[in-house]
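Protein chains: 2
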Amino acid sequence: MSTPFVKQYLMTAGPTPLPPAVSQVMAEPILYHRAPAFVEIYARCLERLRLPFETSTDVLCFAASGSGAMESAVANLLRPGAPALVASCGKFGERWKELADAYGAATVHHDAGWGHKVEPGDLDRLLFENPAVDVVFTTLSETSTGVVNDVRALTDVAHSHGSMIVVDAVSGLGAVPIPQDEWGVDVVVSGSQKALMCPPGLAFASVSEGALARAAKAPGGRFYFDWTKTAKGQRKDPPDSPFTPAVSIFMALDVALGLIEREGLDEVFARHALLGRATREATKALDLELFGPDDDAANVVTAIRLPEAIDGTKVPKIMRDRYGVTIAGGQNQLKGKIARIAHCGYFGAFDIVTTISALELTLRELGHELDLGAGVGAAQRVFLDAGVPASAPA
Amino acid sequence: MSTPFVKQYLMTAGPTPLPPAVSQVMAEPILYHRAPAFVEIYARCLERLRLPFETSTDVLCFAASGSGAMESAVANLLRPGAPALVASCGKFGERWKELADAYGAATVHHDAGWGHKVEPGDLDRLLFENPAVDVVFTTLSETSTGVVNDVRALTDVAHSHGSMIVVDAVSGLGAVPIPQDEWGVDVVVSGSQKALMCPPGLAFASVSEGALARAAKAPGGRFYFDWTKTAKGQRKDPPDSPFTPAVSIFMALDVALGLIEREGLDEVFARHALLGRATREATKALDLELFGPDDDAANVVTAIRLPEAIDGTKVPKIMRDRYGVTIAGGQNQLKGKIARIAHCGYFGAFDIVTTISALELTLRELGHELDLGAGVGAAQRVFLDAGVPASAPA
Numbered sequence: 001m002s003t004p005f006v007k008q009y010l011m012t013a014g015p016t017p018l019p020p021a022v023s024q025v026m027a028e029p030i031l032y033h034r035a036p037a038f039v040e041i042y043a044r045c046l047e048r049l050r051l052p053f054e055t056s057t058d059v060l061c062f063a064a065s066g067s068g069a070m071e072s073a074v075a076n077l078l079r080p081g082a083p084a085l086v087a088s089c090g091k092f093g094e095r096w097k098e099l100a101d102a103y104g105a106a107t108v109h110h111d112a113g114w115g116h117k118v119e120p121g122d123l124d125r126l127l128f129e130n131p132a133v134d135v136v137f138t139t140l141s142e143t144s145t146g147v148v149n150d151v152r153a154l155t156d157v158a159h160s161h162g163s164m165i166v167v168d169a170v171s172g173l174g175a176v177p178i179p180q181d182e183w184g185v186d187v188v189v190s191g192s193q194k195a196l197m198c199p200p201g202l203a204f205a206s207v208s209e210g211a212l213a214r215a216a217k218a219p220g221g222r223f224y225f226d227w228t229k230t231a232k233g234q235r236k237d238p239p240d241s242p243f244t245p246a247v248s249i250f251m252a253l254d255v256a257l258g259l260i261e262r263e264g265l266d267e268v269f270a271r272h273a274l275l276g277r278a279t280r281e282a283t284k285a286l287d288l289e290l291f292g293p294d295d296d297a298a299n300v301v302t303a304i305r306l307p308e309a310i311d312g313t314k315v316p317k318i319m320r321d322r323y324g325v326t327i328a329g330g331q332n333q334l335k336g337k338i339a340r341i342a343h344c345g346y347f348g349a350f351d352i353v354t355t356i357s358a359l360e361l362t363l364r365e366l367g368h369e370l371d372l373g374a375g376v377g378a379a380q381r382v383f384l385d386a387g388v389p390a391s392a393p394a
Numbered sequence: 001m002s003t004p005f006v007k008q009y010l011m012t013a014g015p016t017p018l019p020p021a022v023s024q025v026m027a028e029p030i031l032y033h034r035a036p037a038f039v040e041i042y043a044r045c046l047e048r049l050r051l052p053f054e055t056s057t058d059v060l061c062f063a064a065s066g067s068g069a070m071e072s073a074v075a076n077l078l079r080p081g082a083p084a085l086v087a088s089c090g091k092f093g094e095r096w097k098e099l100a101d102a103y104g105a106a107t108v109h110h111d112a113g114w115g116h117k118v119e120p121g122d123l124d125r126l127l128f129e130n131p132a133v134d135v136v137f138t139t140l141s142e143t144s145t146g147v148v149n150d151v152r153a154l155t156d157v158a159h160s161h162g163s164m165i166v167v168d169a170v171s172g173l174g175a176v177p178i179p180q181d182e183w184g185v186d187v188v189v190s191g192s193q194k195a196l197m198c199p200p201g202l203a204f205a206s207v208s209e210g211a212l213a214r215a216a217k218a219p220g221g222r223f224y225f226d227w228t229k230t231a232k233g234q235r236k237d238p239p240d241s242p243f244t245p246a247v248s249i250f251m252a253l254d255v256a257l258g259l260i261e262r263e264g265l266d267e268v269f270a271r272h273a274l275l276g277r278a279t280r281e282a283t284k285a286l287d288l289e290l291f292g293p294d295d296d297a298a299n300v301v302t303a304i305r306l307p308e309a310i311d312g313t314k315v316p317k318i319m320r321d322r323y324g325v326t327i328a329g330g331q332n333q334l335k336g337k338i339a340r341i342a343h344c345g346y347f348g349a350f351d352i353v354t355t356i357s358a359l360e361l362t363l364r365e366l367g368h369e370l371d372l373g374a375g376v377g378a379a380q381r382v383f384l385d386a387g388v389p390a391s392a393p394a
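Protein chains in written order, with the numbering used here: chain F, 1 to 394; chain D, 1 to 394.
Since the hints were made in silico from the structure, they are not lab data.
Please note that the accuracy of each hint is not assured.
Put simply, identical chains are the same to the list, so a pair is met inside one copy or across any two.
Lysine-lysine pairs mimicking DSS-like chemistry, simulated, CA-CA at most 27 Å apart [to be verified]:
hint, residue 1, residue 2
1, K317, K337
2, K337, K236
3, K335, K91
4, K97, K229
5, K337, K91
6, K97, K217
7, K335, K236
8, K97, K236
9, K91, K236
10, K91, K284
11, K217, K284
12, K232, K91
13, K335, K284
14, K7, K236
15, K217, K335
Based on the sequences and whatever the hints tell you, model everything.
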């Protein structure tokens, strides 16, 4: 039987789909990392990276997954026995705890619960109870649940206790605002494969001078992820990477950051806000529940609670195998309970329309009653209300 | 003025040029790393990687530069205060010493000298003098000088003292033989961007069961590069990566390893041997000196001592800027003293012809007298003597 559902749509929160110009540059001949042709791209990337981080500091780059940049923060800021506080609300926040434990820190772990935000009041209380803590690790966008934390408020609380704050913004950076300098966030880590619209393989740590100085005072116990070494290389003229950089991904990053510059960071955030709202309105129009708060800031991933009467593990599988739409299901204790639709990076209105349409078809196939088109219509209304531009962007 | 020298030739030992089929696959749509389409590629790569390592063990993969895999060996095998021996003969061998020091090991460092091999007799003596040492770190192909060490003999010596051996084969793997299982090498580390003909960004550690067990007995102090965690993921069915893998580079690796399979590993080694010999014969025909021993095994990088009367730092620059041929010069104390021509990976006879031709033109421009074509002719004779195949490979 022929099927009209053969085209493939990637709707996961990393890797995310690549813009055509980014894909194309990946096929260009490889460059020697010390030759001017690459050094120029590398220097431009280092400069351009300041835009999504909204910082004037150096964004340190590592050939690694985002977890590598997270490890860099732990390895550079913690020592065995050092006190640290991890404030988590999902799988990726818990990674801070695993990391801190692996490095032998005396970790206080606050678990706000999957689907909940980390409350600034709770952080305040915990820092009051644990006055020795001088570094807090938390998450901007918790990819496992779609929750986006109030990093500005958490930063203010941490600083009021004299503590640094380190934020995992792997899925959030470039989708929702985290103006590092304005909010004074000490360290922001991220990765290439989410809203920055690149393949996985580059990890970033945007490190304030204060955090860099703290790391420099306690050398050793790390090498590849050493901030001092990487900063020293990147601050040379021309900049240099201490290890062979992931050349092709930098070539991709240069193009992708150029696209973000051209669209404008505020426009990028506004687009993500619309995609998030449309997905939430579609969810509600289908009489489905959002997992986590119905939050205007949650514009990275939308987690939808699946009807209890159906086998939820089948939802991502049917959407992918029958309709060509790849979303993620729930992880760990949420397996089979939620569907996660990503909208961080190279996503537009019709990606949401397509995905909600596939979700409607899938739920119906699994025996869940719904009005076909109800979710899609709600998403369309959000886009229409926002005003259709006179012409599509170039 | 128009120039016929506008085409670009990459003759460095990493990144190395990509075969067209490898470049092309890099431009394909990105895949979700947990979807069957990628898992299939990932599983095939894990299987295919056993060929160049000549092992039945698991080759652990990290999104990182080759130095990341080196760090994994140090982080998994050494503890603060633990005795270790580094036997180096150039810049990359010295990286083992920096790594072991960063992890606080009690490091004995044997420096055989840049351009020299590590002598098995010296290793024997040092292990006799330092009986507490139970792990030796050394190098297969020392990219900074072109020297290729006798890893088989060094492994036998290490084992005769009850010590493990860890070998940096970043530039050597897939160019010169290092049959891990046959020689009993405990750990072989490598990277994607050398003879494996892929972009930089994947690092490999092929770890024997003994080394894996040793690492498992001393957990902590590492996370991203933890062997136990990575092995556990890769041994699942289907295999899984603990962190988001560098999807596009795995797609490239799958194609590149397929090319190596099709050519045949022995044929790959024979091709590299010819390229190395042709480069050495060209060097001698130009009355230039090889840096390091005139060694039939040195088939990864050829280091050529530059005439003292010319400004050697200009050689790579003129070759690149005027002739489009990118080679590497000397590093550290060898800056300006040597030229390094790589032939590891996607290289053929006319890459050597082109590079020697550009070298001849460059040296002449710098005032060094030579017979134009003398080096090229010597290289041609090597290829002709080896027998021209009836038809070019597919």
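Status of each hint after checking the structure:
{"no.": "1", "hint": "K317 - K337", "in the structure": "within (14 Å within a copy, 60 Å between copies)"}
{"no.": "2", "hint": "K337 - K236", "in the structure": "between (50 Å within a copy, 24 Å between copies)"}
{"no.": "3", "hint": "K335 - K91", "in the structure": "within (12 Å within a copy, 49 Å between copies)"}
{"no.": "4", "hint": "K97 - K229", "in the structure": "both (25 Å within a copy, 16 Å between copies)"}
{"no.": "5", "hint": "K337 - K91", "in the structure": "within (15 Å within a copy, 53 Å between copies)"}
{"no.": "6", "hint": "K97 - K217", "in the structure": "both (23 Å within a copy, 21 Å between copies)"}
{"no.": "7", "hint": "K335 - K236", "in the structure": "between (47 Å within a copy, 18 Å between copies)"}
{"no.": "8", "hint": "K97 - K236", "in the structure": "between (34 Å within a copy, 24 Å between copies)"}
{"no.": "9", "hint": "K91 - K236", "in the structure": "between (38 Å within a copy, 20 Å between copies)"}
{"no.": "10", "hint": "K91 - K284", "in the structure": "within (25 Å within a copy, 61 Å between copies)"}
{"no.": "11", "hint": "K217 - K284", "in the structure": "neither (52 Å within a copy, 51 Å between copies)"}
{"no.": "12", "hint": "K232 - K91", "in the structure": "between (33 Å within a copy, 19 Å between copies)"}
{"no.": "13", "hint": "K335 - K284", "in the structure": "within (21 Å within a copy, 66 Å between copies)"}
{"no.": "14", "hint": "K7 - K236", "in the structure": "neither (46 Å within a copy, 30 Å between copies)"}
{"no.": "15", "hint": "K217 - K335", "in the structure": "neither (43 Å within a copy, 32 Å between copies)"}
Going down the numbered hints, you'll see the structure goes against 11, 14, 15, while the others check out.
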